[in-house]
Every structure is written in structure tokens, then in C-alpha cells.
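Chemist: Position chains A and Y against the provided structure of chain U, taking the given hints into account.
Protein chains in written order, with our numbering: chain U, 200 to 530; chain A, 200 to 530; chain Y, 200 to 530.
Just so you know, not all the hints are guaranteed correct.
Covered stretches of chain U, going by a simulated chain A footprint (3 or more residues, C-beta under 8 Å) [stated by the list, open to error]: (1) 316-322; (2) 335-346; (3) 422-435; (4) 512-520.
Here are the simulated lysine-lysine pairs, BS3-like style, with alpha carbons at most 30 Å apart [unchecked claim]: (5) U:LYS335 <-> U:LYS201; (6) Y:LYS530 <-> A:LYS530; (7) A:LYS201 <-> A:LYS530; (8) U:LYS530 <-> A:LYS201; (9) Y:LYS530 <-> Y:LYS201; (10) U:LYS335 <-> U:LYS530; (11) Y:LYS335 <-> Y:LYS530; (12) U:LYS530 <-> Y:LYS530; (13) A:LYS335 <-> A:LYS201.
Short derived list, chain U residues pointing at chain A, Cβ under 7 Å [claimed, not checked]: (14) SER210; (15) PRO230; (16) ASN244; (17) PRO245; (18) LEU247; (19) HIS271; (20) PRO376; (21) ARG494; (22) ASN495.
Source of the hints: derived by calculation from the structure; they are not laboratory data. Virtual Cβ for every residue (Gly too), placed ideally from N, Cα, C.
Each chain, written out:
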Amino acid sequence: MKRFVDLADFSRDELLALLELARRLERQPEPRVLAGKILGLLFFNPSLRTLASFQAAMARLGGSSFVINPGHGSWALETRRGAVMVGAAAEHVREAIPVLASYCDSLGIRVFAEGRDLGADLAETTFNSMAELTDKPLINLESALNHPCQALADWKTMDDLAVPRGGRFVLSWAWHPRALPLAVPAAALHMAALRGMEVIVLRPEGFALPAAVMERAQRAALGAGGSVRETAAREEALEGADILYVKEWGATACYGDAAGDARLRSPLTGWCVRNDWFARTAPDCRVMHCLPVRRNTAIADEVLDGARSAVQREAANRLSVQTAVLHQLLK
Amino acid sequence: MKRFVDLADFSRDELLALLELARRLERQPEPRVLAGKILGLLFFNPSLRTLASFQAAMARLGGSSFVINPGHGSWALETRRGAVMVGAAAEHVREAIPVLASYCDSLGIRVFAEGRDLGADLAETTFNSMAELTDKPLINLESALNHPCQALADWKTMDDLAVPRGGRFVLSWAWHPRALPLAVPAAALHMAALRGMEVIVLRPEGFALPAAVMERAQRAALGAGGSVRETAAREEALEGADILYVKEWGATACYGDAAGDARLRSPLTGWCVRNDWFARTAPDCRVMHCLPVRRNTAIADEVLDGARSAVQREAANRLSVQTAVLHQLLK
Amino acid sequence: MKRFVDLADFSRDELLALLELARRLERQPEPRVLAGKILGLLFFNPSLRTLASFQAAMARLGGSSFVINPGHGSWALETRRGAVMVGAAAEHVREAIPVLASYCDSLGIRVFAEGRDLGADLAETTFNSMAELTDKPLINLESALNHPCQALADWKTMDDLAVPRGGRFVLSWAWHPRALPLAVPAAALHMAALRGMEVIVLRPEGFALPAAVMERAQRAALGAGGSVRETAAREEALEGADILYVKEWGATACYGDAAGDARLRSPLTGWCVRNDWFARTAPDCRVMHCLPVRRNTAIADEVLDGARSAVQREAANRLSVQTAVLHQLLK
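So that you can see chain U by itself, here it is in the shape it has in the complex (with noise of 0.2 Å):
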């Protein structure tokens, strides 16, 4: 493995195996696998599971890491090509990148979408721009349209609470004060159609994933058996459903504009998971989101605080996950 970027860059066998060896890194680890390795971690936006999780990660496998935030301690970078830098970057990603990879063995960027122009966002123009820029093994820690750890952790979470392959995997939106990213719910999407689940995005009009989104997700879901489709009729996407996987994000029906964007979600408080949304579903159907969460907000504390709550798995299988991949890009 060079690079994890995507799980669509992967087959579902070798995301298979890398499921695997995270557990059994779990039971067996591997102290000094790694030692002697250095992972540099860039976060462009704040972290908390990423920032803590990859740390503990190379730690357990007897390597070491370096942080750097640009703005906060270390100087803002610029990211678009010919720039003529006389605004506040001090410095440019082509300069940054190969610098930092040249003190590591491995990089890890985390760089959000900058939620204006949807079609750069889609085709990752900014962290590609920066991928583009060294050939060590390069980790996405979350870009505009994927969070591959997240997703993958989300992946080990299901198989640990047995949720079947064929199982209802209803992604919903949710509501909170801002547009977010469509980061996680794009990844959540299309790992659990590459999983071959029933897939069902939940969302009001106005806030439909793009195009390309559902597109790839519908290709995933056909190679390993299952289905995708979305609907903003929420009590009969919850019929049945295995897993509530909750998530809040921008309305794609005005993408870029807030103020658009904040007259199609106010009418939208009603969209914070409580316990009634349960009425219908499977009756063991657990409750997922990468966090962080609003609570109250997107999710109720009675949800959360709850027995179907499976949030605080998802996020210990970072840390699971993100060793196997550290061990297949470094060993």
C-alpha cells in the first residue's frame, strides 16, 4: 500500500484484509513494529479523534509523530497555484509539503472543503494539489468529499455488532446552526455500499447529496450486491432499518451560499434524533456518527446517552483501523 486516500482506490478484498489485520492487531499488537518511523500530521482544520487517534497509533506501534496546524504556531499556507503571496501566507503548499515529507515517513494532511465552489470540492482540488506534491505514503485525515478513516472505522464498527452484509444502512441528515462538509456522509455512503448493504439517504429537499456522490456509491453497492437510493420520507426509510447513521451537512441546493443555505435549514430543527425515530426500525437498530456531535441538537442525550448509541466504538475504531493502515504503509 502507498497511499490511503480513498477506499475506492482499494478492492473490497483488500479492504477485507485490512479489517482483519486491525483486529488482529488488537489482539496481538506490535510494539516495535514501527520504531524508528516518524508520521508527520498537517491539520489545515481543527481535530480531535484524528489529531489524538494517529499519535496513539504510531505510539503503539513504537513509532513517533510530529503535529503542525499552519496559522497557529506555524505559518499559514497558501494553496492555489501562482499565487502572487502578498496576502497572509507566509509560505506555499509546494514548498510545505516536500519539506515536511522530507522529515518523515509518512504524511497525514487533513484539509476541509472550502465550501464554495462545488465542483472543485468534488474533484478534491485542494488536497490534491498537495498529494500531487510528494510521493512518500500519504494519509487523508479528511478532504472536501472523503474521510477514508472515519469510513473505514465505521466499516469495523458494523462487522463488530455483527450488522449483516444486506443490512438497512440509513444515512440521515441531521440539523445543526451551520452547513458542514459533505465529507462524511459522502465516505459514509460509499463504504456501506462497497459493504453491500441497503443503502438509504435520508435528507430534506434541498440538502440532496451531488450527483457524483450517489453515482459512485450506486457503482459500489452494484460490484458487492447491494442498493442505494435516497428519499426525504423518513418514516418509511426507517422501517426496518439496522443502522442510523446520522450525520449534518451544507444544502447542496445552494452550495457556497450561506445565507441560502440558512433559510432551507432553519424550518429544519426537527431533524435531531430522538428516541421516536426508533419506533419502526429493526429493534436492536444502533445509532452511528463520527462525532463530534451537537447534542440536543443533531442527536437527543437520550439517544446518546443510550443502549443503541454505537458513537463511542466507532471513534475507539479509529485508532484500530489507523494502526493497520499505519502498518501497511510503514512496515
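Modeler: Chains A and Y in isolation, oriented as in the chain U frame:
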């Protein structure tokens, strides 16, 4: 040992054993004893000694650590139960604490007093709301009313300096531009009482330590053969003192009232410790302060740069005693 | 070696031996030689290369490090002797430096020029006020007028590129939106002189390097068989150049006067290095810059992306030479 949260959780003999372990590890380091172990450090407030010395202590024992600063590279965290999270905080500690705990073998948390409601701060409402969320070995890196790592380092410092168990320990208020928390004075008072000293709290009117803090220290003194009293009379208090332990704190007579505090404190700039404070102390009376200290505001240069100052030894002992605490928690 | 603060503290032979050690450690890493050793890194100013490469260098040698950023997660620090501390700084370096030094085996400090008083900056008043507070092995991570790690990496870069000892080294000023410190031009000038090169400082009127800086370099050149002179005539300076070392710095004719500096610099946007600067240089003339560099402001894309650019190698050599420095200080 499962937690290091409050010296009161331990018997005097257990604390003496911990101090003995600290001395043993100074003489006979165990550089691989925590190989593979990870300490998570969660800082809601600034730090220099705690931040550096815990990372150093883990490294000295062969382990690793990671640092999370909510709101600075990591998500701002909500601490109130039942909050409807529409504000700045993207995540609740009810998620964040168990998640971070799942990435490490021991978790340290620093969260200062809110400084609004004395009852809530005395009850350690905020720290305890986090402490109850994990079963992992937990370390108090300074809470509303406690700082056990500092207190243990201070105890060791007095042992190092051969300050007699029954010596006179004067905890004196000092001037500061604004109200600071009660954690260090409360912890130092309790520690000196537990050590069996003759403890005098010297403070201006309006700055008496809370009754609950004084009573707790008096109970500790009773068991250890010492005593605790308070006064506003500086000359009398300093008479024959072996230790002058200096600390700034807020007016308890108007806790949470910044204007009232400022009114009480403004005439007190004379409470800056100078050489003439030692006219009637024991000849070799030493000055202690937990740091950070504002020079020529709380303590004058002539004192900090003089032979009486033990502040460097106190700070160095942070590393020493924390190494012992980590050894006990994680070995 | 007790300190690595200024190349001038070492003989030419000692520096050559250090460069040889850097090359040896590239070929034959010593991944456990600093096991158990800790490097403390204190950054008063932003950093990318220094921050990442020192952590990486310690890890490559089996050691650990911690990072303190005053004012960002750690207390703001006062540096002035005798200050009455009623402002933003909660702690004085007279406490902080010895405390941090007590937690580590070697301390690195980065503190840029204040840029107000040239005499104070030339005297390294701020850095020296901290350096005198510890006997631990000390590393200058960039001070007011020096950057020895960068200078040593630059020396190695020219060795790697087989630039002849007696080659022509042109240190050229370049445009930047505001006045930057003199540390790198002063250090690069001195290094090239020490290496025995024919050194020319090319700068507009008003931007001459301070006489003390020029004289020091001239003395170094004298001992090494090289020369140092300055000019504002670009074509003549670049004639036959082997190295064009580009750097932005503030107007010395009005040091500390932002308005005066802006007036002098505003007509100079033509000092952006483009391909046509190399019309009369040696055919294989290389471009060096310490980074960060503003693209199309100080150096054009066409140069940075072209074959002449040695900036990546310079940055990579930071890790290499610092590994040697740490090996010498801490082995």
C-alpha cells in the same frame, strides 16, 4: 493506585511511600518501564510546567503522550449536562472524554475554576463531570480547588530542604492584577496540614479561604499532629516562619464579582513579598511559589533572585513526583 | 560541544567535522543513540521547518521532545529584566527557562528580533538574557541576528551540490510586504565567508547590512581565504555567480521605523527573482532560500519550480545537520 485526583484520597503513609518512590526513581531511573504506554493530556487552560513535565515524565519512563487543547486546534468542548448545543462548542465532554480515554492508558485533565459560583467550584462540579466519564487511570492536572501534583511536589521540596515536619508554614496571599483561582492555596494548605506543620494562612480581609477549605485542612492537621489558623496580621504570622508559601487568589468575600474583587484588591499592592518580610522569620526561611509568578507584583526580584527562593526546586520536583505517580498508575 | 548558538563559536575544522558527522549519520543512522534523552523546544515565533525537523531529529536518534509556545496554550513570557509584571505576561523567562531546562537534556530557543533597536538586536540582548539562565546544552533555533542551524544546512547543501569553496556566492535582497529580521542574511553571509567563498551582498540603497555584520563576515573571510563586499548593482554582482542566495529583510537605514521602511521598499517590487536574473551567472548557478518564501513576490514560480532551485535540499539538510548537532550535544 487507580487515580491521582486529590491527596485526601490517600493515607499519609501512602503519600510518604509515593515520595520515597520519587526519590528512588531520581537515583535509579527506569527508562523502559512504561514502554508502549500512552498518556493523554487534556488542557482547558494554559500550562507550562504541567504541559512540559508530564510529557517529559512519560518519556523518562519510556512511554509517550499526546496533548489536546480544546478550542486551539481541537474542538471547543461543552461541559454542561443537558445543554442544547447551538453555541461555540462543537462537542460535549460526554463524548470527548471516553473517546480520548480509549486512545490512551491514562488521562490527565486540567480545568480551572469557572469562578462564578463558589459552591459549584468547591464541589468540583466541572472536573467531576469529566472524571465520572472514564475508568482509566486519571490525573488531576489542576481543577477548581485542587492541584495534587503541585502539592506533592511542594511536600517533596520541603523534605529535600529538611524543613521540619512541625515547622511553621505561612501561606500568604499576594497581589495580582486580577482574581486567580483557589486551587493552589487550597492544595498547599491541605498538604502542609497533612505534613503535620503549624500552618498559618495570612491574607487581607475579604480574602479568607472558604470555610470548607479551612475545615478540611484542620481535619488533616488533627490527624498529623499539626495545626491550621488564619490571620491578617503579617508581622505576627511571619514570626519564626520556616516557609513562606506565596500565592495570589481572588476575593472570596465577593466570589465571581470582578468589580467587587477589584475594589478589595486595589489598595493591596503592598502585598508584594520583599526582603523586609523576613525580618522576624527563621533565619533560613525559604520562599515557595508554584509559578507562574509575576515579578515585582507578587514577589520582588530581590526575593526571587535571592538564596531564599525555592521556586526552581518546586518546579523541578513536579517532574520527580509525577514520574512516581505515572509509575504507580501505569506500571 | 556544550552549545550550538553561533557558527562563530567553532573553528572551521570543527564545523567541517560536524558536516562529516551529518553525512555519516545519513549513511549509518544511530536510531537508539539518544534513547531516553529529551529535547525541550521553546518557540516565541512561528516555525515549520525548525518545529518539525527538530522533533524528527530527536525521534531519528531514539529520543523525545516537547514543544512550548508562550501565549498559545502556555503562558505569555516577560523577557525584560526588572519589569513590574502587570501586563499580559504571566511569567518571566527567569523562571521559565530554568524550569524548562530542568525537564529536558537540551533546550532549543527561537526568539526573533524585536526590530526596534538595532543595537539591542545586534547584541542579541533577548536571546542572551535567556541563554545565561541555563547550563544545559542550548540550541539557537533563530535569534535576532543568527540562525546557525540554517547556516550549517546551507553549507552542507553547497557541499552536496559540489559548489566550489572559492565560488561566487551572491546574497541578494528580495521584496517582501514588510520588514523581516536580519537573522538569516547575517548567518548566511557569515557562513559563506567562513566557507571561503567570494561573497557579494546585493541590496538596494537603504538595505545595507549593519557594519558589524559585514565586518564579522570580513574577518571570517580573511581566515578562510575568501572575500566579502556589497553592491546595489545587480548585473555586475550576478556575473558568474555560482549561488544566488535570496532573502528578504528590513531597511537598515530606518531600522524600527515601519513607515520609513515601507517608503524605501515600495518602489522595489522588481526585486523578485526571475529567470532573467541568470542571464550572466554561471550556467549551473543554483538558487537558495531558507524558506518560507512568498512565491511571485520574492521569487517567481518559474525559478522555484525550475532546475536551479535548491530550496528543498536546503530544508531537507536541516534534519541532517541538526541530527549531527543533537548527536554532538547529547550523546
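Chemist: So, for every hint listed, does it hold in this structure?
Modeler: Checked hints:
no.: 1; hint: 316-322; verdict: violated (count 0)
no.: 2; hint: 335-346; verdict: violated (count 0)
no.: 3; hint: 422-435; verdict: violated (count 0)
no.: 4; hint: 512-520; verdict: holds (count 3)
no.: 5; hint: U:LYS335 <-> U:LYS201; verdict: 8 Å, holds
no.: 6; hint: Y:LYS530 <-> A:LYS530; verdict: 28 Å, holds
no.: 7; hint: A:LYS201 <-> A:LYS530; verdict: 11 Å, holds
no.: 8; hint: U:LYS530 <-> A:LYS201; verdict: 35 Å, violated
no.: 9; hint: Y:LYS530 <-> Y:LYS201; verdict: 11 Å, holds
no.: 10; hint: U:LYS335 <-> U:LYS530; verdict: 13 Å, holds
no.: 11; hint: Y:LYS335 <-> Y:LYS530; verdict: 13 Å, holds
no.: 12; hint: U:LYS530 <-> Y:LYS530; verdict: 28 Å, holds
no.: 13; hint: A:LYS335 <-> A:LYS201; verdict: 8 Å, holds
no.: 14; hint: SER210; verdict: 30 Å, violated
no.: 15; hint: PRO230; verdict: 4 Å, holds
no.: 16; hint: ASN244; verdict: 9 Å, violated
no.: 17; hint: PRO245; verdict: 5 Å, holds
no.: 18; hint: LEU247; verdict: 5 Å, holds
no.: 19; hint: HIS271; verdict: 6 Å, holds
no.: 20; hint: PRO376; verdict: 5 Å, holds
no.: 21; hint: ARG494; verdict: 5 Å, holds
no.: 22; hint: ASN495; verdict: 4 Å, holds
In summary, the numbered hints that this structure violates are 1, 2, 3, 8, 14 and 16.
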